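Student: Letter by letter, the chains look like this.
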Amino acid sequence: MSRNIPIIRLYDNLLVSIQTELSDKLVHELKDGICEEIQRHDPKGLILEVSGVDILDSYIARSIRDISQVVRLMGVKAVIVGLDPSMAITLVEMGLTLTAMETALTIETALDMLRREYFYEEEDEEDGQDAVDDDELIDSILEEIS
Amino acid sequence: MSETETASRQETLIVGILREYMEDAVARGIFRYGLKRCQGGDLEERGGRVSQSLLQNLNKGIDIFLRDESMRSSCKEKLADLGRGGHSGKDRKREPAEAEARSIHLKTEDDIVVARNEARAIAEGMGFTRTEQIKIATSVSEMARNVIRYVGEGAISFEPLAGGTRGIKIICIDHGHGIPNLSDVLSGQYRSKTGLGLGILGCRKIMDEFDIETGSSGTLITAVKYRN
Chain A
1 MSRNIPIIRL
11 YDNLLVSIQT
21 ELSDKLVHEL
31 KDGICEEIQR
41 HDPKGLILEV
51 SGVDILDSYI
61 ARSIRDISQV
71 VRLMGVKAVI
81 VGLDPSMAIT
91 LVEMGLTLTA
101 METALTIETA
111 LDMLRREYFY
121 EEEDEEDGQD
131 AVDDDELIDS
141 ILEEIS
Chain B
147 MSETETASRQ
157 ETLIVGILRE
167 YMEDAVARGI
177 FRYGLKRCQG
187 GDLEERGGRV
197 SQSLLQNLNK
207 GIDIFLRDES
217 MRSSCKEKLA
227 DLGRGGHSGK
237 DRKREPAEAE
247 ARSIHLKTED
257 DIVVARNEAR
267 AIAEGMGFTR
277 TEQIKIATSV
287 SEMARNVIRY
297 VGEGAISFEP
307 LAGGTRGIKI
317 ICIDHGHGIP
327 NLSDVLSGQY
337 RSKTGLGLGI
347 LGCRKIMDEF
357 DIETGSSGTL
367 ITAVKYRN
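If you read the protein sequences in the order shown, they are chains A and B.
Counting from 1, position 136 in the first sequence corresponds to residue 136 in the working numbering; the numbering is continuous, with no gaps.
Just add 146 to the spot in the second sequence (first one is 1) and you have the working numbering.
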């Protein structure tokens with residue numbers, strides 16, 4: 001059962017669409033593969049599309065949560081996309097809580113989420129720049145007055 | 147899949163089988179002969195199903211062209227399999243073995259995938275809803291994973307409940323050293339570092355009946371899910 005899951009670049013993000021039965025080995029390989037691609041391409045976000053996953057049991061669910069935490073440490077935000085309704089019901093009834101994990105129903109929504117996040121970050125940086133300019137301006141005025 | 151596609155797939159399958167035993171041209175000839183002779187016109191009109199009359203006519207051609215007795219019977223057997231399956235070999239596999247009991251030997255991580263797919267196919271065949279199928283398959287995955295991770299070898303079986311009750315019974319067995327802290331696991335005190343800490347407990351929540359016996363000679367889990 002040797003298959004691999006493609007990791008695709010999409011704008012500033014990586015898109016991983018899992019369309020196969022996930023064996024434990026594959027989950028492990030995927031985690032490594034994603035980390036390598038992140039290091040290589042320095043993306044802003046990671047979209048994990050799971051609509052094709054056959055079953056999310058506790059180990060696979062945990063692995064997906066782990067992936068999102070690992071990439072967060074590398075400065076990348078992960079969004080889980082396309083969770084099957086029956087799978088969502090099962091996970092909740094089993095007592096699973098996916099805290100600290102961003103989710104979206106579709107890839108479009110996920111892209112919007114990531115773009116918005118990135119946009120705000122850029123805006124914040126600009127604000128910071130403005131603040132410095134303001135300080136300089138005030139300083140120069142103060143100098144003139146004195 | 148459209149009827150035309152099914153028909154041409156059937157043709158490919160039939161000619162493919164014949165070609166294992168004879169020249170390409172002969173195989174096509176027998177196929178065309180059989181098709182012409184059987185009632186109801188071509189494959190497309192009959193929705194691509196391999197009918198008994200087509201099989202009979204194919205067999206006539208095989209009798210003429212295949213001299214070796216054992217090759218003849220093995221070729222006929224393969225074609226008869228197509229007829230029994232109705233559609234393609236792949237579709238046939240998806241239909242569970244008429245909800246018979248199935249047992250799967252657990253030895254490698256890949257067996258976990260095999261077990262949960264099998265469980266799901268049986269549940270689907272029994273008319274369980276999609277969510278119920280997923281719950282059953284998830285439980286099977288949890289149980290099988292525990293066997294592989296903590297013991298290394300075991301077996302899991304699925305069987306439809308006998309009598310009028312509609313439901314599926316899952317039995318998972320291993321001959322490991324048992325689960326030492328079962329009461330902690332079931333009360334939610336213990337959390338495994340590798341899972342989300344809800345494997346067995348989660349199974350119990352999504353199944354209708356859940357019974358676990360564990361001791362130094364092994365663990366036996368019996369779980370039942372009823373059809374709503």
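Think of the hints as simulated: they come from the structure by calculation, not from any bench.
There could be a bad hint or two in this list.
Lysine-lysine pairs mimicking DSS-like chemistry, simulated, CA-CA at most 30 Å apart [what the hints assert, rightly or not]:
1. B:Lys206 <-> B:Lys224
2. B:Lys222 <-> B:Lys253
3. B:Lys222 <-> B:Lys206
4. A:Lys25 <-> A:Lys44
5. A:Lys77 <-> A:Lys25
6. B:Lys206 <-> A:Lys31
7. B:Lys351 <-> A:Lys25
8. A:Lys31 <-> A:Lys77
9. B:Lys206 <-> A:Lys25
10. B:Lys253 <-> B:Lys351
11. A:Lys25 <-> B:Lys253
12. B:Lys222 <-> B:Lys182
All values reported here derive from a predicted model rather than from experimental measurement.
Student: Hints first: check each against the structure and report whether it holds.
Tutor: Each hint tested on the structure:
no.: 1; hint: B:Lys206 <-> B:Lys224; verdict: 15 Å, holds
no.: 2; hint: B:Lys222 <-> B:Lys253; verdict: 36 Å, violated
no.: 3; hint: B:Lys222 <-> B:Lys206; verdict: 10 Å, holds
no.: 4; hint: A:Lys25 <-> A:Lys44; verdict: 27 Å, holds
no.: 5; hint: A:Lys77 <-> A:Lys25; verdict: 24 Å, holds
no.: 6; hint: B:Lys206 <-> A:Lys31; verdict: 57 Å, violated
no.: 7; hint: B:Lys351 <-> A:Lys25; verdict: 27 Å, holds
no.: 8; hint: A:Lys31 <-> A:Lys77; verdict: 15 Å, holds
no.: 9; hint: B:Lys206 <-> A:Lys25; verdict: 50 Å, violated
no.: 10; hint: B:Lys253 <-> B:Lys351; verdict: 26 Å, holds
no.: 11; hint: A:Lys25 <-> B:Lys253; verdict: 14 Å, holds
no.: 12; hint: B:Lys222 <-> B:Lys182; verdict: 19 Å, holds
When each numbered hint is compared with the structure, violations occur for hints 2, 6 and 9.
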